[in-house]
Every structure is written in C-alpha cells, then in structure tokens.
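In my numbering, the protein residues as written are 1 to 335.
Wrong hints could be hidden among the right ones.
[As the list claims (entries may be wrong)] The calculated lysine-lysine pairs, modelled on BS3-like cross-linking and capped at a C-alpha distance of 27 Å, are:
no.: 1; residue 1: K63; residue 2: K46
no.: 2; residue 1: K260; residue 2: K249
no.: 3; residue 1: K110; residue 2: K147
no.: 4; residue 1: K146; residue 2: K90
no.: 5; residue 1: K110; residue 2: K46
no.: 6; residue 1: K220; residue 2: K254
no.: 7; residue 1: K66; residue 2: K114
no.: 8; residue 1: K146; residue 2: K110
no.: 9; residue 1: K66; residue 2: K147
no.: 10; residue 1: K306; residue 2: K249
no.: 11; residue 1: K254; residue 2: K171
no.: 12; residue 1: K66; residue 2: K171
no.: 13; residue 1: K110; residue 2: K167
no.: 14; residue 1: K195; residue 2: K63
no.: 15; residue 1: K46; residue 2: K147
no.: 16; residue 1: K254; residue 2: K167
no.: 17; residue 1: K114; residue 2: K146
no.: 18; residue 1: K66; residue 2: K46
Please keep in mind that the hints were generated in silico from the structure rather than gathered at the bench. Treat the numbers as computed from the prediction; the structure is a model and nothing was measured.
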Amino acid sequence: MNVIEKKEGTDPRLVSTPSTKNNNFYNSNIQGSIKNNNQEAAQFLKLIAEDELITFQTFDEVKDRKDPKLVRILHGSLEQHLMTLTDLNKFRAGVFFTVNATDLQGRETKNITKVRALFVDLDGAPLEPVLSAPLSPHIVVETSPKKFHAYWIVEGVSLEHFQLIQKALIKRFNADPCVHDLPRVMRLPGFFHNKEEPFFVKVIESTGTLPYQSSVFLEKFQIDLQLSTVKKEPQLGLSYDLILQELDKRGMIKRPLPNKQGAWEIICPWVDLHTTGDQGTAYFEPNTNGYKGAGFSCQHSHCSDKTIDDLRAFLELQPLEIWEEPLPLNEELLP
Numbered sequence: 001m002n003v004i005e006k007k008e009g010t011d012p013r014l015v016s017t018p019s020t021k022n023n024n025f026y027n028s029n030i031q032g033s034i035k036n037n038n039q040e041a042a043q044f045l046k047l048i049a050e051d052e053l054i055t056f057q058t059f060d061e062v063k064d065r066k067d068p069k070l071v072r073i074l075h076g077s078l079e080q081h082l083m084t085l086t087d088l089n090k091f092r093a094g095v096f097f098t099v100n101a102t103d104l105q106g107r108e109t110k111n112i113t114k115v116r117a118l119f120v121d122l123d124g125a126p127l128e129p130v131l132s133a134p135l136s137p138h139i140v141v142e143t144s145p146k147k148f149h150a151y152w153i154v155e156g157v158s159l160e161h162f163q164l165i166q167k168a169l170i171k172r173f174n175a176d177p178c179v180h181d182l183p184r185v186m187r188l189p190g191f192f193h194n195k196e197e198p199f200f201v202k203v204i205e206s207t208g209t210l211p212y213q214s215s216v217f218l219e220k221f222q223i224d225l226q227l228s229t230v231k232k233e234p235q236l237g238l239s240y241d242l243i244l245q246e247l248d249k250r251g252m253i254k255r256p257l258p259n260k261q262g263a264w265e266i267i268c269p270w271v272d273l274h275t276t277g278d279q280g281t282a283y284f285e286p287n288t289n290g291y292k293g294a295g296f297s298c299q300h301s302h303c304s305d306k307t308i309d310d311l312r313a314f315l316e317l318q319p320l321e322i323w324e325e326p327l328p329l330n331e332e333l334l335p
C-alpha cells in the first residue's frame, strides 16, 4: 500500500491510498471480508469526502429478481453502516454512494447541498484520454473488467453549473450520457459488482493532489459556461406573432393543428382561385415544424409556388430576408 505524504501541491493531510496497481485487493471469495471492505471503501471516501457523512444507496442487481428488501437509502458514516452494506452485498445488492453532499434527508436534487466532485462513467470508453487530460483525475475506479469511473475533486462548483460541466466531460470522453444529475450515485469501491460475474470494485489510481478550484478546472478543460445555456422554447401564439395577429383580424384562422406546436390551419388567401375549394392550408410560426423561419403551405395545386413572402404580401406586411425557405417535411399537412 502506498502512503502519500505531504509535499508541495498536495493535500497536507496524510492519505493512505491503494497502489496504482491494485489487483491485490481483488478477493475471489464472493463473501469478501469486512476488513477489505472497510479498508477500500474508507480510503476512497476519505479522499472524496474527507470526514463528511455519506448518503448510501443499494439496489438488487440480480436480473428479473428486483427484491425490494435489498433497496435501501442509508445516511451516515461508513463505520455506522458497514455491516448492513456488507450483508446486502452478500445477497447480490449493488452498493453505491451519492457523490455530492446531501442534507441526509433524502437522495433527490432538492437534497444536494454541495458539489464534491466532477466525474465520468466511461462505460467501456477508453481510459487513456482521461489519464492524459489537462487535469488528471484524483481517483480512478475499476467497476468491472476494463470499465472505469474517474473523479476530479473540486471546490467552488455551483449546483447550477454542475450539470453543464458534467455534460461537457461526457462529450469530451464519450462517457455515459446519463451521468450528469446532481443526486447521481456511483459504485462504492470495496464491494462487489454483482450484475454478472461478481467483480470487486477497486481504486486503481489515486493522488493526494489538492481539490481543483472551479475556475482552474473550467479554464483547463476550456468549458465556457456562457455558451452552455439551455435553449429556450420559442414564444408562440397571437401575443408574439404579427402574422397570426393579421390573420386573426381578417377571420382567417380556423384552428391550431393538433400535435404540431406552432402550426395553424387557416383559410387560404387565394381560395377563390381554387378549382376544388380549400384542400388544407397552414401557417407555421417561426422555427417550428421544420421551418427555419415562419412557413406557409397550401395543398391546392394553384398555390404550389406560394411562399411565406406571398402570405406576408397579401397581409400587407414587409417581407423579411431572414425568413428562409422551409426544410423538407415528410408528413401530411393535416391529421
């Protein structure tokens, strides 16, 4: 076992960590030993959470069994719950921990109080890009043969920005796309992964480097939070759309089309020129239903060449150059 002592740029406390070649921790006996569980799990939690209390989670991992008695949420210290976690693991329950700090009242987003680490579940993606990243992970865990979790311990990452940063890491390392929620649980080293052939989850890399500051992490990984904003839904309806307002004034709106946001069945402005009456005419609000801008479509052959600019001209509105031709729609106009 390696002992990382205080040196410049590292955590000032003495941290006992597993060797980077940690295969000696593997225990072929499915029962395992409380001593090994305690040692592996305790060292890991000391690194990632220091002396803070943890929210643990267990699930039944036997396919098609899903025993509800094996599903537990436990709040407290590893020492407090080690016997229970070990017993559950013997019955093939997976043992997990909530990475971020909780209020010890639950395991939902509302219960998260602090970001402890940023992390990825590589789920079969290669480990080498993570190890050669601008900032090395503090901990790498092998959860099953050649499958790894990596953790960067951080300070100053806000709850608001956590998901955005996680998604940037997922994209960079081709990691599991689901691992970005604040209350996410990950496998706890020191216990067996029981989905298939039991595998002892173990730390294979660790360091005593101090936590990364949020600003340093963002700079090194070139993550721009200003560019990582969530797209807003378009503002739709009569209150926002000038063309709809003009159509409404003329009594030309029939109804909003079902299951097509921003689509409206209207009376064709050129219906009097149709040989067979109105066969289906629609107006599409900007940036909906495959249109880059607003859109117009009439099913009658007389109007096959009519565009949104023709509709605007009919309504005596000035054409807008930014309202482009629609993208192809491979579906019927009306239900």
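* To do: Run the structure past the numbered hints and jot down the numbers of the failing ones, going up.
  => Those not satisfied are hints 1, 3, 6, 7, 8, 11, 12, 16, 17, 18.
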